[in-house]
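First to last, the protein sequences are chains C and L.
If you read the first sequence in the numbering used here, its first letter stands for residue 1, the second for the next number, and so on.
If you read the second sequence in the numbering used here, its first letter stands for residue 1001, the second for the next number, and so on.
Honestly, the hints are just simulated from the structure, not real lab data.
Fair warning: this is a prediction, and the values are worked out from it, not measured in the lab.
We treat Cβ as the ideally placed atom computed from N, Cα and C, and that holds for glycine.
Treat each hint with caution, since some may be false.
In silico DSS-like cross-links for lysine-lysine, where the CA-CA straight-line distance does not exceed 27 Å [to be verified]:
#: 1; chain 1: L; residue 1: LYS1014; chain 2: C; residue 2: LYS64
#: 2; chain 1: L; residue 1: LYS1145; chain 2: L; residue 2: LYS1228
#: 3; chain 1: L; residue 1: LYS1145; chain 2: C; residue 2: LYS64
#: 4; chain 1: C; residue 1: LYS74; chain 2: L; residue 2: LYS1347
#: 5; chain 1: L; residue 1: LYS1228; chain 2: C; residue 2: LYS74
#: 6; chain 1: L; residue 1: LYS1385; chain 2: C; residue 2: LYS64
#: 7; chain 1: L; residue 1: LYS1312; chain 2: C; residue 2: LYS74
#: 8; chain 1: L; residue 1: LYS1529; chain 2: L; residue 2: LYS1385
Just a few of them, taken from the derived set where beta-carbon distance is under 7 Å, the chain L residues facing chain C [claimed, not checked]:
#: 9; residue: ARG1125
#: 10; residue: GLY1184
#: 11; residue: TYR1185
#: 12; residue: ASN1188
#: 13; residue: CYS1308
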Amino acid sequence: MENFHTISILVSNESGVLSRIVDLFSGRGYNIESLTVAPTIDRLYSRVTIVTGGDAAAIEQICKQLNRLIPVIKVADLNITEALEREIALVKIQVKDEEKSDILRIAEATGSKIIDVTDKTYIIQALGDEKQIQALVEMVRPYSVKEFVRSGKVAISRTNRF
Amino acid sequence: MTGQMFSGAEILLKSLAEEGVKEIFGYPGGVILTVYEALYNQKEVKHYLVRHEQAAIHAAEGYARVTGKPGVALVTSGPGACNTVTGIANAYYDGYPIVVFTGQVGLNQIGNDAFQEADVVGITRSCCKHNYLVKDVKDLQRVIKEAFHIATTGKPGPVVVDLPKDILSQKTVFDYPKTVKLAGYNPNYKGHPIQIAKALQTLSEAHRPIIISGGGVLTSGAHQELLKIAEMLKAPVAHTLMGTGTFPSNSPLDLGMLGMHGSFWANHAVSHADVIFALGTRFNDRITGCLSRFARDARVIHVDIDPCSISKNVKSDIPIVGDIKNVLVNMIEQFEKTKPNIYEADKEKWLGEIAAWREKRAERKINSDKLSAQVVIQKLYEMTKEYNPIVCTEVGQHQMWTAQLFKFNQPRKFVTSGGLGTMGFGFPAAMGACAAKPDSLVLNIAGDGSIQMNIQELATCMDYGFKVINCVIDNGYLGMVRQWQEKLFNKHYSETKISHPDFVKLAEAYGMLGILVQKEEEIEPAIRKAIEAKSPVLIDFVTEPTEMVYPWVLAGEPLTKVLLSNECSV
Chain C
1 MENFHTISIL VSNESGVLSR IVDLFSGRGY NIESLTVAPT IDRLYSRVTI
51 VTGGDAAAIE QICKQLNRLI PVIKVADLNI TEALEREIAL VKIQVKDEEK
101 SDILRIAEAT GSKIIDVTDK TYIIQALGDE KQIQALVEMV RPYSVKEFVR
151 SGKVAISRTN RF
Chain L
1001 MTGQMFSGAE ILLKSLAEEG VKEIFGYPGG VILTVYEALY NQKEVKHYLV
1051 RHEQAAIHAA EGYARVTGKP GVALVTSGPG ACNTVTGIAN AYYDGYPIVV
1101 FTGQVGLNQI GNDAFQEADV VGITRSCCKH NYLVKDVKDL QRVIKEAFHI
1151 ATTGKPGPVV VDLPKDILSQ KTVFDYPKTV KLAGYNPNYK GHPIQIAKAL
1201 QTLSEAHRPI IISGGGVLTS GAHQELLKIA EMLKAPVAHT LMGTGTFPSN
1251 SPLDLGMLGM HGSFWANHAV SHADVIFALG TRFNDRITGC LSRFARDARV
1301 IHVDIDPCSI SKNVKSDIPI VGDIKNVLVN MIEQFEKTKP NIYEADKEKW
1351 LGEIAAWREK RAERKINSDK LSAQVVIQKL YEMTKEYNPI VCTEVGQHQM
1401 WTAQLFKFNQ PRKFVTSGGL GTMGFGFPAA MGACAAKPDS LVLNIAGDGS
1451 IQMNIQELAT CMDYGFKVIN CVIDNGYLGM VRQWQEKLFN KHYSETKISH
1501 PDFVKLAEAY GMLGILVQKE EEIEPAIRKA IEAKSPVLID FVTEPTEMVY
1551 PWVLAGEPLT KVLLSNECSV
C-alpha cells in the first residue's frame, strides 16, 4: 500500500546537507511530495520535513538511508507517532465587485485571512493541516485565481521524546 | 593559542603521519603543487606516482584490502579528481576504507568555471561515504581526523576531502584532535543480546540451516568465530564473492561460493534451507537470483553493521545490527552457557542431502586444441598455493573461474571488484598489495579486455619494483559478455571481439618479463619462471574463446535453475 509519510529530519546546519538528502531521494528513486527546511531554535541545526510516498518497507529503507548520512542526526517517521502538521497557502484572486462578499465569506468559513486588498485583487492566507488547505483550494477554484502558492508541510510530534 | 605555524599542505602531511599513513598513491597537478612541495621536503610519507588517477584509487583500495588499514590517494583538481570517481564508487560498493585528497581551485574562484575546476563534492556525493570541502585552514586537521574515522568505522568506505588551493598555503598551528565529535554518526557495534539469543535458538532448532558469509565477516575479522559457531551449530557455510577466504575451504562444512556462478550445491542448499544466517552480506542480485523465489521457506537472521543492508532486498525475520565479530562472540558465549540441543540427527541428515547435491558439478573440460582458461587457472592455483599468494582479479570470466578454482583458507588474500564490477581494478589493486606486502607473491589474473583498461600502470610497476605477475587469460573476446551473447542474444557477438597489442613485446618495451603460453606443456615452466623472476611479469595465456563459465544461473532466474554445461538448455 502506497501511503504518504511525513518524515522529520534533524541535521547539522552545514552547507550541502540539503543536497545530500535530495540526492539520496533522486539517486534511489524515492519521490519527494513536499519539502521544507529551516534552522531550529539552535542555529547549529536545521529541521527538514519531507513528505514522501511508499509502502512500509520503502519508508523504512528511506529512514535508514537518511540515517546513514553523516550530518543527519535524527530521523522520525511522524506517521507512527501522534503529530501536528501545518501548511500555509497564499491565494491571489482577481475579484469582480459582485464577488467580493463571496470571497470574504469563503475566508471566514475556512478560517483563512484576507491579508492584502487592492481594487482588483484579494490575497487570502490559509493556515492549517492538509485538509483545511484543500478545502480552501476547492472553494476558490470557481473564481479567477491568479496565483496560488503553497508551502510544504511542517510537523511536530506531540511526545516530548524527539 | 600560540605555537609554530604550518601551512595547510604541511598540516595535511603531519595529519597523515598522526594517522599512521606511510604510503600514498597519487598524481600531481596545478592546484595541489603545494602539497607536492611539502612531500619533497619530508621522508615520512612515501608517494607512489601512478600513470592515471583511477589507478591511484584502486591501488589505495588494494592496499586497504590486504592490510585492513585505510588506503590514501592524492590527486589534483578537475580532471584529476574526476578520474577518481570509478575508484571511489568501487570502494564504496565493496566497503573498503580509503581517504582521497583532491585539489580544488582557490576558494574565491569556486563556481566561476576556473581552469581545472570541477564540483568534486557534488560529483562524488552519491558514491562515497562522506565528503568535505575544506573552507578554512583551521578546519583542516579536524576534517582529516573525521575523514579517517568515518572511512574506517562502521561499514568502511571512501571519504573524499576537497582542498582548495589557498587553504594549502595558509598557515595555522598544528594540534591534531584526539577525538571525533559527530552527533549524527554512531555505528552500533554491539548486537542486541536478546536478538542474538533468539537467533541462537532459531539456529539450534533449525533442520536445514545455512550460513552465508559475506564481505562483512572479512571486515570485522570474524573468520575464526565463524568457523567456531559453524562447527558448534553444525551449519554449512556458503560464501559470497566478497566473503571469499572467510571460511576455510578444507572444512567439511564449506559449500564454496553461492550465486550466479556459485556451486550447484551451495545454491540448492540455500534454496532449501529453513534458516539462513546471513553475515555481512547485502543480498545483491548476483547472490539471490530471482528475489521473489529466493529461499522461500527460510527464516532469515541477518547480521550487518549497516542497518540499510537489512531488509533492503531480503526481508529479515531476526535483524541484528552490529559488528559481526561481537555478535558471534556473544553467540558463542551464550551457546557455551546454555548448551542448547542442536538436534544433531536433523543436521546430519541435512548435510547428507547437501552431499548428494555435490555430485552435480559443472563441466570443466573443453573440446579444443587451444588452451583451456580453467586448466591455466587451476595450474596457477596449484603452483602458487605454497607461497600463500595475494590473488587479484579484473572482472569477467577469469574472475569467476579464479573464484571457483582457487581455494582460500584465510581472508584478505583474494582481491576482486564485487559490487561495482570494475574492469581495470585488479592490476592497480595488485600494485597496492605489493606496496603493502612487499614480501608476498602477488598475482593479477586478468582478461585481455580488462588488462587493457589500466595497462599504463606497467610503468608504475617498473618504477617501484612492484612484482605483480599479470596472468592474462587471452581469448580475444570480452568473454563474459560474449558468453551472454552466445546464450541469450542468438550468438550475435556485437562488439565483443577485441584486439590487443603483442603483450610480450609490450611487457618487454616496459622492461619487464613477457611470456607467451600457447600449449599446455608451456604453462608450468612459464609460471615457474614468473615466480622466480625479479621483475614484474606479464604472461599471455592464449586460450580458447568459446569456453564458458559454469555453473551459471541466468540473471532473473531462481538459484535452483543452474546450468552446468553448454548442453543445458536455457
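A quick look at each hint next to the structure:
1. L:LYS1014 x C:LYS64: violated, 36 Å
2. L:LYS1145 x L:LYS1228: Distance ~36 Å between L:LYS1145 and L:LYS1228 Cα, so the pair is violated.
3. L:LYS1145 x C:LYS64: Holds, at about 25 Å.
4. C:LYS74 x L:LYS1347: violated, 44 Å
5. L:LYS1228 x C:LYS74: violated, 38 Å
6. L:LYS1385 x C:LYS64: Between L:LYS1385 and C:LYS64 the Cα gap is close to 43 Å, so the pair fails against 27 Å, i.e. violated.
7. L:LYS1312 x C:LYS74: holds, 20 Å
8. L:LYS1529 x L:LYS1385: Judged against 27 Å, a Cα distance of about 16 Å means the pair holds.
9. ARG1125: At 5 Å from the nearest chain C Cβ, L:ARG1125 passes the 7 Å test, so the hint holds.
10. GLY1184: holds, 4 Å
11. TYR1185: Where the cut-off is 7 Å and the nearest Cβ of chain C is about 5 Å from L:TYR1185, the hint holds.
12. ASN1188: With a closest approach of 11 Å, the L:ASN1188 hint is violated.
13. CYS1308: holds, 5 Å
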